[in-house]
Structure formats: C-alpha cells, structure tokens
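A.B. asks: Residues per chain, in single letters:
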Amino acid sequence: MNKYTVKDLMVPISEYATVPIGTTLFGAILALEEAQENFDHGKYQHRAILVLDDKNKVVGRLSQLRVLNAMDAADNYSRYEQLKIFKFSDTHIEKVSEKDRLARKIFTEEALKKVAKKLVNEFMQKPNPDEYVAETSAIDMAIHKMAAGAHQSLLATRGDEIVGVLRLSDVFAATFHTLKELEVV
Amino acid sequence: MLEIEKIFKRIIQRVNINLRDLAFDVSPFVTGHIDLEQMNKFYAFYGITSDIPLDLKLIHSSLAGSYFLGKCRVTDSLLYKSDIRGDELKRKDSTFQYKNFNIDLTEDELIDIKTSALIKTLVHNYSHDPETPERFFIKNTLSLDYANIHGSPSDGCFLGPFATVDLTTMRDCVIGAYSFIQAGEINHLEVNPGTIWVNSPGQFNFLYQYPADKLQHYIQVTAGGYPQGLLIDFIEEHEESFNRVFDAANLENTIKVPETASLDRYAVVLPSTKICENVLVAQRAYLENSYLGRGSNAQENCFIINSHLQGCNVTAHGAKIVEADLQSNVFVGFNSFLYGKQGSRISIGTGSIVMPHTIIDCKESLSIPADTLLWGLITNQAELEMNSIQLDDLRKINTSTNQGNMHFEGHGASFVEAFRHRVNHILEANGAFFHEHNNNVKGHAQNNRKLSLNTIQPFLFGEMQGVYPDITILPQG
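Protein chains in written order, with my numbering: chain L, 0 to 184; chain P, 803 to 1279.
Just so you know, the hints here were simulated from the structure itself, not pulled from any lab data.
Which chain L residues stay away from chain P? Per the calculated CB distances, all over 12 Å, these:
no. : residue
1   : Ser13
2   : Glu14
3   : Ala115
4   : Leu118
5   : Ile142
6   : Val162
7   : Ala172
8   : His176
9   : Val183
In silico BS3-like links for lysine-lysine, alpha-carbon gap of 27 Å or less:
no. : chain 1 : residue 1 : chain 2 : residue 2
10  : P       : Lys1016   : L       : Lys113
11  : P       : Lys1016   : L       : Lys83
12  : P       : Lys1244   : P       : Lys1076
13  : P       : Lys1016   : L       : Lys98
14  : P       : Lys916    : P       : Lys941
15  : P       : Lys941    : P       : Lys808
16  : L       : Lys112    : P       : Lys1016
17  : P       : Lys1198   : L       : Lys83
18  : L       : Lys117    : P       : Lys1016
19  : P       : Lys894    : P       : Lys916
20  : L       : Lys86     : P       : Lys1016
21  : L       : Lys116    : P       : Lys1016
A few chain L positions that, by computed beta-carbon distances, are all more than 10 Å from chain P:
no. : residue
22  : Pro11
23  : Arg60
24  : Gln124
25  : Ala146
26  : Asp159
Note that CB positions come from ideal geometry on N, CA and C, so glycine has one too.
Start from the sequences, fold in the hints, and give me the full structure.
C.D. replies: Here's what the structure looks like:
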C-alpha cells in the first residue's frame, strides 16, 4: 500500500492561483482562471486563491464561497464581521442582513461591477494555525487536520515557507485509489 | 544612548511582544512622537491630603509634567503630562462587591504602572476586575494623547489618541483613536478607530462606529505621523493658557469660589466665569465665559467655553462644550465634543445623556429635547434624528434595533438605568449633593480644597537626563 506524504499530493505553490494583496476581486478571479488553464494535473479545479504580501508570504485565502459572500454582502460584509466581533447575536446580524438584502439586488450589472472593484484584503480569510501542515508529514496528519477543522485545503510548509497547497479533492482521490487497490469487497 | 531612550525602547519592545498575535507594531506611532531630550524640562507633581493615603514609589522612570495622587507605583516607565489619580482607589478593610461576590480588601488598592508609556493620558477610578481588586495594573502598555484608562487594568495594550477604556480589563488589545470601550473584559482585540462599544453580557450591547472618512476630519493618526485633526487643533489653540498656569509658582484666584466647591490650581479659568456651590473643577480643565451651576463638574482635560450648565451637569474626562446651553442633569460623556458656534448654539434638555465620544459639530442651532440619548456624529437636524432616541422609547426595547451605524441589542431599560446609576454615582463622588440636610457627605469638590501640591524634578544633565531619581514618598518615616 502506498504511504503518501503531503508532498506527494500537494499542488506546488508555483502552480496555484496567487495574487498580491491589494488585487481587486476581478483580478483575483482572472488569476484563478489563468492558473486553472495552466494546471493539468487531474480533473479537479482550483477552488481558492492565495493572497501574498510584498515578501511573497501567504497572508490570506479567498475561496469561491468567500467571493459569493462578497457579492451577497457588498458594502456590508465588514460590518457584519464587526457585529460578530462585538458580540451581537446571529439573530440580530441576520435581521440587519435581511434589511440590507431587501434594500438591494445582487445580480445586477451595477452591483456586480461594484463588487468586482473591491479588494481581496476585505474578504480574504487569514489562515488559522491548524491549517498548516509540514510537506514531510504523513497523509494521516493531513486527513486528521482536514477532518477536525473541516478544511477544504491545507497549506504545506517547508520550515517557515509555504511551498504548496494540499487540497481535499486530492487527498480524497488518493484515499479512494488506495481503497480500490485493496480490493475491498 | 540616554537612559530615557533605553527605557522607551524597552517599553516599545514589550508592547510589540504582547501585540504580536495581532501583527501590530506600535513603533511607527510613537517613534519621534515625543522629544525625549526635552523631558528634563518638565517637573512632576503630587497631591497631599489627609483624606487620601499618600504612598508613592517612583522607580527608574521619566515623569515629565505628570501628576500623582494616592497610592501609586511607577517602574521602568515614561509618563508625559499624564494624570494618575488615585483618589477613588479602594481602601483597606472595605468590601468590593462584584456580582454575587463580596470581596474583603486586606490592603489599600495600588495603581501599579510598569514598563509603560503614557502620553497625556488620564488614569482614574479603580480596578473593577475581581481577580485583582487591590492592584490596578497598567503593564507593557502604550497610550497616546488624551487617552483615558478609567478603572481598566491593562496588560500589553496600545491606545490611540482620544481612546477611552472604561471599567474593562484589557489584555493584548489595540484600541483605535477616538474609540470608547466599556465591556468588562477584552482580550486580543483590535478595535477600529471611532468604535463606541458598551457591552454588559446578558443585559445590553450598544455599538456605534464612526464613518472612517468623516472621523478623519476630527482625528486621524497614521503610522509615522503625529495625530492630526480638529480635536488636536482645538486643544493646541488653547495650549498657551495652560503654559501660564504651569509655569507660575503662585497664582491668584481670579474668581470667587464658594466654600463647598473646588477649583484646581492647574485649571484655566478665564472671564467671565461663575462657579456655584458643590462644583468640581479638576486640573487641566479650561473654563471661559461660562456658568457652572450647583453640583456641576468639569473633569480633567475638559473645555467649557461660552456655555451655560444649569446644575448637576457631568462633563466627563476630556469632554468639550462650546457655545451650548445645558439644562440640569445632562451627562456629557468622555471626550465628547459639543461644538456649537456663535449664532448656532446647541441646547440640551434636562436629563439627557450624551454618550461618550459623541461629536456635535453644527452650523445650525440644534435643540435637543429632555431625556434624549445622543451618540456618534451629528452635524445637522437629520443626523440628530438618526443618532438619538428618547430614553422612554429606548426603555421599551427588549430585542434589538438598528439606527444608521448604531446597533443595540438587549434590554433598553437596563441600559438607561445603568447610565442613570453611573451618573448619580459620579455626581455623588464629586460632591454634587453635599448639603447639611444630606449628612454633609463630602466628595471631591469639598475634599480637594484641602489638597496641597509638591513638585519633584528629574536629572537635568548627563546620561540620566529626564529620568527621575528613585523616590519613595510616605506620610511619615
């Protein structure tokens, strides 16, 4: 049975979609499209964009869901985040968000153009400490971190440097192939 | 390198270590902000009175232009024109009540400042933290101009200019300029400038956030620059008057002060001002052509100009009232800026509450009815309607509401009563209710009349220039 390590399955950072901090959402989506075109390993597409600072260090991640959140919340996204930070209940935040939603349409030319100009800084998620995994780690560690933290991907590290992205789809595929090889009946 | 520079560098490093999780570097905000080589030009001073324990320990610190009262210890720190007021600290053998706990105190409470730099900052009140009832600590903390640390122990925090933290223990937090926080306890929190947050879990939660672009007109601080904006300009316009009172050894009272009122020797009073009975005017307050009715007070860094305060008006630390008429029992919170103009005055009805850090800057006359709660930025009638609510209407709220940038959740009645209770306590502590029919219970207004002041000086030359010798001051041997 193949004993995978993180390095065996990760997508090297050079092949992943990355954008510098300060890029617009539209710029980030273009980068994702370009990375996808240049990436031909397997049938699974990239689903996130990594945001880099001026020293090429990963400072955030923008998922597809995050982009939809940006479209949904528009100008109010950071406002809802602030309400959460300052301990308002989900009920209140939903009430405010519903009021905002009724006051505006999401899928209009004007609204989409406005969202496209927003910067990734506003919507990216900062990686949590449990989203890192050493590239030399066994696949067991990665499966545990993904399952425990409900993460779609992990950042693979070599020392202090991020060298790749380990995607849930690739871990799942490797697990599935191994199971098939075991000829489980 | 001068010793004072070593002290300051060590403080910056300690604060940065505490704030590393927030990736916040205080250096650009403070490097060059104060001229360390000038710190030998300012004396420090302390108050003596028979009513407040005298116990000062000043160790390896620079204290330029700062004031101390009560039991304080300052170690490895830099204080510049700050007021460390220990007159409300808890006393030995008293009982501190926290929720269901009655905590007996075995010693007098201490303000304990260690490895911190406080610039033009007020420290007052007492520790509301039940875990440290006898020690109001301020450690590895850096605060900028006109910040207020009020009843709020602090470890590893940065407070921007005009920030206030009230009755809240804070650890590893960044409090943005002109923010007001009253939340019991906060940890690892970065608060954007202009955030007003009053939270009592299970009771109520109030939040207002200034529009960033509009707040910049009043105060903005950028990395590498000095604080700027109308609030700073306003204070600088009046600075010359303070130089006169701090430079003179003896000053004659220019106005008559009733026996039951007190006017601090380091306050500025310009004609034609009237101070009535039971009024308290604290150091660094500025009064000009104004009337302070019975039981009113002007706390540290307040400005009251061309205004009429009818009576029992609280003007909290750093509040500014210009061209305004306040009926009785109006509360004006910390660092508020009521900026009326000639011909467009502000009038506020009885019992109204101006939330801390409110700005009313109008070019038209504004008349605010009695029993109104006001908050945020108000520059015209429309904004007044958006940023105010009648207290009776607020009392009826039991779920949540949202008006403009203000969010409120919880019991409105609890919020109103908490404020009412607090205002009453402030008036009582300040001596507003002193009267022979009220058992002659004294407050700061009466007690401060018995206060005398001593000055202490730093090393003037050499490596220790600007640092004070280690000093212990006790009532007797």
